[in-house]
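Colleague: Numbered according to the UniProt record's numbering, the sequence shown spans residues 1 to 501.
For the record, the hints were derived by calculation from the structure and aren't laboratory data.
Heads up, some of the hints might be wrong.
DSSO-like, lysine-lysine: derived pairs with alpha carbons at most 27 Å apart [unchecked claim]:
hint	residue 1	residue 2
1	K205	K271
2	K266	K230
3	K266	K386
4	K402	K386
5	K38	K230
6	K279	K266
7	K271	K402
8	K266	K402
9	K402	K279
10	K130	K230
11	K271	K130
12	K379	K279
13	K72	K205
14	K187	K64
15	K130	K72
16	K268	K279
17	K6	K64
18	K72	K10
19	K271	K187
20	K130	K205
21	K64	K130
Label-pair distances were calculated between CB atoms; the ranges are [what the hints assert, rightly or not]:
hint	residue 1	residue 2	range
22	V382	W35	57 to 63 Å
23	G98	K268	48 to 54 Å
24	T345	V382	31 to 37 Å
Glycine included, C-beta positions come from ideal geometry on N, C-alpha and C.
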Amino acid sequence: MSSLTKLNYKIISHLMGLLLMVNGGFMLLSSVVSWYYKDGVLAQMLMAGAVAVGVGGIVMVSTKNHRKEIQKREGYIIVAFGWIFMALIGTLPYIFTGAIPSFTNAFFETMSGYTTTGASILTDIESIPKGVLFWRSITHWIGGMGIIVLAIAILPLLGIGGMQLFAAEAPGPGGDKLHPRITDTAKRLWLIYVGYTLAETILLKIAGMSFFDAINHSLATLSTGGFSTKNASVAYWNDNPMVQYIIIVFMFLAGSNFVLSYFAFKRKFQKILHDEEFKMYSILIVGLTIVGALLIYFQADVSLSSIAHPMVWGPFESAVRHSLFQVLTIITTTGFVSADYTLWTPFLTIFFFGMMFLGGCAGSTAGGIKIMRHLIMIKNGVLEFKRTLHPHAILPVRYNQKAVPQPIVFNILGFFILYMLSFIIGTLVFSWLGLDFKTALGGAASTLGNVGPALGDLGPVDNYAYLPDAAKWWSSFLMLIGRLELFTVLILLTPFFWRNR
1 MSSLTKLNYK IISHLMGLLL MVNGGFMLLS SVVSWYYKDG VLAQMLMAGA
51 VAVGVGGIVM VSTKNHRKEI QKREGYIIVA FGWIFMALIG TLPYIFTGAI
101 PSFTNAFFET MSGYTTTGAS ILTDIESIPK GVLFWRSITH WIGGMGIIVL
151 AIAILPLLGI GGMQLFAAEA PGPGGDKLHP RITDTAKRLW LIYVGYTLAE
201 TILLKIAGMS FFDAINHSLA TLSTGGFSTK NASVAYWNDN PMVQYIIIVF
251 MFLAGSNFVL SYFAFKRKFQ KILHDEEFKM YSILIVGLTI VGALLIYFQA
301 DVSLSSIAHP MVWGPFESAV RHSLFQVLTI ITTTGFVSAD YTLWTPFLTI
351 FFFGMMFLGG CAGSTAGGIK IMRHLIMIKN GVLEFKRTLH PHAILPVRYN
401 QKAVPQPIVF NILGFFILYM LSFIIGTLVF SWLGLDFKTA LGGAASTLGN
451 VGPALGDLGP VDNYAYLPDA AKWWSSFLML IGRLELFTVL ILLTPFFWRN
501 R
């Protein structure tokens with residue numbers, strides 16, 4: 001009988017301390033923003049950063065004599081609890097500054113940031129101190145590529161291998177590697193991530209945004225998080241189409257596999273053109289945008305949106321732009337708002353709601369089910385017809401001209417069933433907590449898919465502030481399991497995971 005070794009709690013605690021110190025470092029960076037803009041909360045931001053660094057440092061020092069080995073079980077625990085502890089300590093800037101005095105609200109906002117959901121309880125974003133707003137944006141920038149991937153790049157300094165962490169955290173079912181060593185893979189991904197963020201910041205500044213707005217929206221775009229510095233979100237710049245087009249380009253990049261970006265920089269364009277997921281991702285965006293634009297142009301009036309500015313480049317351009325923006329912001333689960341699509345036609349409302357179940361590409365910062373999983377499920381479904389006619393034939397599912405191992409197909413089918421079951425249970429719990437059907441349905445789809453805007457009372461121009469506290473905690477749980485792709489968190493709820501035998 002196979003045996004499970006005892007959990008290495010010291011290495012788990014040691015890495016928790018490391019993550020808290022990283023968190024504290026970004027809080028201190030946010031305090032620099034407070035100092036520069038003289039927003040009146042410098043002392044509180046410094047205190048929050050000092051507490052995070054101090055607690056993390058104490059934990060690291062007290063567990064420095066640990067066995068430097070991470071098994072798969074430790075990897076799952078470090079990822080899941082790492083996110084939870086980071087969210088808990090991440091509430092300090094909100095609470096210390098009084099920007100969000102309620103712990104429940106502060107935890108919701110922080111978890112929404114780290115999971116790149118972008119759902120918010122803030123009703124007047126523009127009144128929040130700039131240092132706190134920058135911290136808010138930083139939370140989903142960290143969460144975008146994964147706190148744990150960041151830690152992998154640091155782990156060699158501790159003499160620890162990070163493969164188990166990468167397997168638990170890396171978004172999507174794909175396993176493309178840029179380099180044989182996992183630490184080098186993490187570093188290359190982060191280099192691309194940082195480079196895109198800087199490039200978008202510069203372009204948005206040139207297009208007319210202030211530097212503060214530009215950096216915050218770049219952090220939000222590349223992480224597919226969607227936190228904005230304006231109450232109206234990106235609709236604030238509806239009279240400046242160039243701002244929206246720049247964000248559209250970087251949402252597209254953020255929703256695609258970052259490995260393909262690496263290939264592009266290496267001029268390996270054939271690998272991009274032959275990637276089935278990227279082709280489907282591009283075709284879906286173009287097709288859905290055309291359908292949406294025609295419906296908006298002939299059946300809806302974008303200017304009637306409660307947050308839209310007058311159209312400036314003509315009605316057809318505006319219809320195309322709003323359609324493309326909404327398609328991308330939902331498929332990539334970014335959650336920016338350029339208009340209230342629930343004010344258009346009922347069909348368009350359902351049209352955009354359905355996109356919440358698509359997700360971006362594997363290996364991107366997007367949430368959701370992912371295009372790759374949909375592709376493999378469709379291919380397997382078609383093959384089932386052939387297997388019915390030819391029961392003795394060996395017909396493997398092929399992806400990028402390679403046979404997909406059957407365990408991966410089973411894993412994807414299992415994931416989809418578990419995802420839809422989580423959506424149904426999520427909707428039922430929201431209904432039980434007092435939300436109406438439309439709001440419960442949208443809230444479950446949006447939080448589980450890390451989208452942000454939903455339907456009903458949680459629509460694009462509304463927020464999550466009115467939810468009862470229990471619903472906010474339930475939303476936080478759905479955001480967490482959605483961001484970590486279900487298995488990483490839900491496996492911790494099984495009794496056999498914790499048995500040592």
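Colleague: Now, for every hint given, state plainly whether the structure supports it.
Modeller: Cross-check of the supplied hints:
Only pairs whose Cα atoms come within 27 Å are accepted, and K205 paired with K271 is rejected, the gap being roughly 33 Å. A hinted pair counts as satisfied when its Cα atoms are at most 27 Å apart, and K266 with K230 does not qualify at roughly 37 Å. Simply put, K266 and K386 have alpha-carbon atoms about 40 Å apart, too far for the 27 Å limit, and the pair is violated. A hinted pair counts as satisfied when its Cα atoms are at most 27 Å apart, and K402 with K386 qualifies at roughly 19 Å.
A hinted pair counts as satisfied when its Cα atoms are at most 27 Å apart, and K38 with K230 qualifies at roughly 19 Å. For the hint linking K279 to K266, the alpha-carbon distance of about 19 Å falls within 27 Å, and the restraint holds. The hinted pair formed by K271 and K402 meets the criterion: a straight-line CA distance of about 14 Å does not exceed 27 Å. Taking the CA atoms of K266 and K402, the gap is near 23 Å; set against the 27 Å cutoff, the hint holds.
Of the supplied pair hints, the one linking K402 and K279 holds, its CA atoms being roughly 16 Å apart against a limit of 27 Å. Distance hint between K130 and K230 is fulfilled; the C-alpha atoms sit about 12 Å from each other, no more than 27 Å. With a CA separation close to 42 Å, the supplied pair K271 and K130 exceeds the 27 Å bound. In summary, the hint linking K379 to K279 is supported, as the alpha carbons are separated by about 15 Å, within the 27 Å threshold.
Between K72 and K205 the CA atoms are separated by roughly 44 Å; this puts the pair beyond 27 Å, and the hint is violated. Note on K187 and K64: the hinted pairing holds, with a Cα-Cα distance of about 25 Å set against a maximum of 27 Å. Between the alpha carbons of K130 and K72 the distance comes to roughly 40 Å, so the proposed pair goes past 27 Å and is violated. Annotation: proposed proximity of K268 to K279 holds, straight-line Cα distance about 16 Å (limit 27 Å).
A distance of roughly 19 Å separates the Cα atoms of K6 and K64; the hinted pair therefore holds under the 27 Å criterion. With a C-alpha separation of about 15 Å, the suggested pair K72 and K10 falls inside the 27 Å cut-off, and the hint holds. In summary, the hint linking K271 to K187 is supported, as the alpha carbons are separated by about 21 Å, within the 27 Å threshold. Restraint check: the Cα-Cα separation between K130 and K205 comes to about 17 Å, which is no more than 27 Å; the hinted pair holds.
Straight-line distance between C-alpha atoms of K64 and K130 comes to about 37 Å, which puts the hinted pair past the 27 Å bound. Evaluation of the 57 to 63 Å hint for V382 and W35 yields a pass: the beta carbon distance comes to about 59 Å. At about 51 Å, the CB distance of G98 to K268 agrees with the hint of 48 to 54 Å. Take T345 and V382: their Cβ atoms lie about 32 Å apart, and the range 31 to 37 Å holds.
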